Amino acid sequence: DAVKVESLDDDGKIILEVRVADGDLGRVIGRRGRTAQSIRAVVRAAASRDNAEVDVDFLDD
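Going by my numbering, the first residue of the sequence shown is number -1, and it counts up by one from there.
In case anyone wonders, no lab produced these hints; they're calculated from the structure. If you're wondering where the values come from, they're calculated on a predicted model, not measured in any experiment. Take these hints with a grain of salt, some might be off.
The following label-pair restraints were derived from C-beta to C-beta distances [claimed, not checked]: (1) Ala50 / Asp20: 13 to 21 angstroms; (2) Gly21 / Asn49: 34 to 42 angstroms; (3) Arg25 / Glu4: 14 to 22 angstroms; (4) Arg47 / Asp9: 16 to 24 angstroms; (5) Val40 / Ala19: 17 to 25 angstroms; (6) Ser46 / Val3: 18 to 26 angstroms; (7) Arg47 / Ile13: 14 to 22 angstroms.
Note that CB positions come from ideal geometry on N, CA and C, so glycine has one too.
From just these sequences and the hints, can you work out the full model?
Structure, rendered in structure tokens:
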């Protein structure tokens, strides 16, 4: 269960690419995307404290 996170800057917007092992993407995203939505909400809340805009993308590696 390897997870890699890369940070990219796209015109002032930070993009976090979360790469997971083949077959684990469904487990990370969760039922109806609830886990992914929760992760995105926490990351955006933390980023808003620093007036930053962050997007989280989940990718199969």
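Okay, the hints, checked on the actual structure:
1. Ala50 / Asp20: 13 to 21 angstroms: Cβ of Ala50 to Cβ of Asp20: about 31 angstroms, so the range 13 to 21 angstroms is violated.
2. Gly21 / Asn49: 34 to 42 angstroms: This hint holds: roughly 38 angstroms between Cβ atoms.
3. Arg25 / Glu4: 14 to 22 angstroms: The hinted range 14 to 22 angstroms holds for Arg25 and Glu4, with Cβ atoms some 20 angstroms apart.
4. Arg47 / Asp9: 16 to 24 angstroms: Taking Cβ atoms as reference, Arg47 and Asp9 lie about 21 angstroms apart, which means the hint holds.
5. Val40 / Ala19: 17 to 25 angstroms: The hint (17 to 25 angstroms, Cβ to Cβ) holds, given that Val40 and Ala19 are roughly 22 angstroms apart.
6. Ser46 / Val3: 18 to 26 angstroms: holds (19 angstroms)
7. Arg47 / Ile13: 14 to 22 angstroms: holds (18 angstroms)
Violated hint for the displayed structure: number 1, the only one.
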